[in-house]
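Asks: The lines below spell out each chain.
Protein chains: 2
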Amino acid sequence: MFSFELLKKDQHSAARLGRIITPHGEIETPIFMPVGTQATVKAMTGEELEGLGAQIILGNAYHLYLRPGMELISQFGGLHKFMHWERPILTDSGGYQVFSLGKFCKISEEGVSFQSHVDGGTRHFISPEEAIRIQQTLNADIVMILDECLPYPATEDYALASLERTTRWAQRCRMVHDGKRGMFGIVQGGTYLHLRRESARQLIDLDFEGYALGGLSVGESKEITHEIMSIVTPILPENKPRYAMGLGTPLDLIKGVAAGVDMFDCVMPTRHARNGMLFTGFGHIVIKNAAYTRDLSPIDEECNCYTCRNYSRAYLRHLNLAGEILSARLNTIHNLHFYLDLMRQIRHSIAYNCFRDLQNKYLTRRTD
Amino acid sequence: MFSFELLKKDQHSAARLGRIITPHGEIETPIFMPVGTQATVKAMTGEELEGLGAQIILGNAYHLYLRPGMELISQFGGLHKFMHWERPILTDSGGYQVFSLGKFCKISEEGVSFQSHVDGGTRHFISPEEAIRIQQTLNADIVMILDECLPYPATEDYALASLERTTRWAQRCRMVHDGKRGMFGIVQGGTYLHLRRESARQLIDLDFEGYALGGLSVGESKEITHEIMSIVTPILPENKPRYAMGLGTPLDLIKGVAAGVDMFDCVMPTRHARNGMLFTGFGHIVIKNAAYTRDLSPIDEECNCYTCRNYSRAYLRHLNLAGEILSARLNTIHNLHFYLDLMRQIRHSIAYNCFRDLQNKYLTRRTD
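Sequence lines, in order, name chains L and D.
For the first sequence, this note's numbering puts the final residue at 368, and the numbers step up evenly by one.
For the second sequence, this note's numbering puts the final residue at 368, and the numbers step up evenly by one.
Think of the hints as simulated: they come from the structure by calculation, not from any bench.
Some hints could be false.
Just so you know, same-sequence chains aren't split out, so a pair can sit in one copy or run between any two.
Below, computed lysine-lysine pairings styled on DSS-like, alpha-carbon distance capped at 25 Å [what the hints assert, rightly or not]:
no. : residue 1 : residue 2
1   : K9        : K42
2   : K81       : K288
3   : K361      : K9
4   : K361      : K222
5   : K361      : K288
6   : K42       : K81
7   : K288      : K42
8   : K180      : K81
9   : K8        : K288
10  : K8        : K361
Source: prediction; values computed, not measured.
Please construct the entire structure, taking both the sequences and the accompanying hints into account.
Replies: As structure tokens, this is what we get:
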């Protein structure tokens, strides 16, 4: 039901080309996964995502468990039919969201209890086993273990205790694995490299279908993020997909791929789009800036997306200032195209032995 | 550049089948025009509107004059290129908007002055000639004269004085007509039928390319709206298109067509969509109602729109409660499909001599 094939390794970096096979189809790696928190990638239909080349999207167990709830989604046989997306879905366990969104969150050996951020009151308890059952009800193609997403900064003692609990939770998650999908372990350990190594070692013993780097981009510097990524990724099994959770900027993606990461997700392209921040080959632009008032050119002359083929910066600026829904739509199409096209270029460059050139182009030209 | 052909008259009512030819293509009448106030039909792309069968959309000179302004749109050679819509556009002169949105609006023989509702401060003056020049800059296929939209209720004296000023303004508009598009007169006169007749008579003398009924649905009862429509429409020249401005509900459209109206526009389908009110063959439904929590059926089993083919009421309710942009999109697609499909059915029924049956079906079955 789930497998990974390593197709090629880059000569000059740890970058790799691969293929993941899931119950809902294949995924070429390295890949970026658009985020569909509430059973929708904000502002987009499934057909549009397919048109942009999205191969897999991310759903959030935490959000969907609270609203609309598992009873409804199980009536549809899972998230795919509910939201009209028949390609692969990876679901986050809710570990990160419980800590960032839940109120009065309490963690114990048994699991996490928290108050809903949706109705502001109801109290919930989720065990590692329950986190997996929720994701199985969602019928995700890839499920994530329940982990404690360590805040930054954290003491070494706490980081150690936390990663060891995450390992014990990972064992419990593994016990309820139904074998109908992939289950990924999540490496924690904060900014302590020896603890990251220890976490990886413990999780590798549990033989997951894939491994994720968690607790990145939670406040630490970019240098630390990249250092952890480049040191921990190579420790992970070569024959399993590797996933850097919540990353990142275009440069993060390039650096992650160079470190051997296969999968990424981030709200950045979609959230920035709604705020009018648009990615281009020469850095990002803020569309509401007065400089674009009379600018008849597209966002990026070299971009081939629907938005750039049909609309000017001046029109997009107008839509943004007028608060129009079409603004969020056209900007999201452009930014997701940028991310998904970047990943296509990356795959292509690894295949044709020129990933180093692409890397150099980005390292020298880009500012974000 | 602009012409109207009357193709067929219904045997049992004043309904008619026609064709309007404009610089940007033909329009089959009777037709409903989706409203694109700020250079976008809210939540929709031009391609989606075409897919739904929209033949012409409405733009608002008042809004576009204030933002983004005429200088920018003239750089694009008009509204079509600016907003990426190459089919016909009718623009409203701003008469209605000045009175409903403008602050400290003052009317004189010369024209209207008002403060912008966008920046809340700048003062503007628009003469009848300027209102036409703005619409010519927008390169609209059909432009509307500047009129005073009479509030309800109004005294007979004021209604008379107002309609006579509107006629004088209509003469001035006619003087700056460039012949490259259609220009429509707007019949006023409030709820006084003899004044409506007088207004129509005066405007007919000016030989416009089409005639509109203005000042409807401004607070008067439905009975009065329908009475004015059914009495005034037949007075208007048979060989010119007739347009009921700002109407209305599906029932208003049926009654309007029966009275001989060819064109309609209304924010109702798009605005209701964003508020989660959805039209069906059995009345409207409010999608956030708890009754739809576990409802796996589409909005309307008999509807063939993209939304009904792919999404359930339960999912649409979820999107609505979660405040997702996709909610506005899917609901707008459905409601616009409902309106545009109703007009297709109307045209079809007139062509096949069964408009009376359609009319009866609506009069007996519908509640809105």
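Asks: Taking the hints in turn, state whether each one holds.
Replies: Hint by hint, here is what the structure shows:
1. Taking the closest pair of Cα atoms, K9 and K42 never come within 25 Å of each other, the shortest separation being 34 Å inside a single copy and 48 Å across copies.
2. In the homo-oligomer, the alpha carbons of K81 and K288 lie at most 25 Å apart only across protomers (20 Å), although the nearest pairing inside one protomer, at 37 Å, exceeds that limit.
3. With identical chains, the CA atoms of K361 and K9 are at most 25 Å apart within one copy only, with a shortest distance of 20 Å there and 68 Å across copies.
4. Taking identical chains as interchangeable, the C-alpha atoms of K361 and K222 lie at most 25 Å apart only when both belong to the same chain, with a minimum of 19 Å there against 66 Å between chains.
5. Neither within a single protomer nor between protomers do K361 and K288 lie at most 25 Å apart by alpha-carbon distance, with minima of 28 Å and 50 Å respectively.
6. Within a single copy, K42 and K81 get their C-alpha atoms as close as 17 Å, which meets the 25 Å cut-off; across copies the closest is 27 Å, which misses it.
7. Within a single copy, K288 and K42 get their C-alpha atoms as close as 20 Å, and across copies as close as 19 Å, so both meet the 25 Å cut-off.
8. In this assembly of identical chains, the alpha carbons of K180 and K81 lie at most 25 Å apart only when taken from the same copy (17 Å versus 51 Å across copies).
9. With identical chains, the CA atoms of K8 and K288 are never at most 25 Å apart, being 43 Å at best within one copy and 50 Å at best between copies.
10. With identical chains, the CA atoms of K8 and K361 are at most 25 Å apart within one copy only, with a shortest distance of 22 Å there and 66 Å across copies.
The earlier numbered hints that this structure contradicts are 1, 5, 9.
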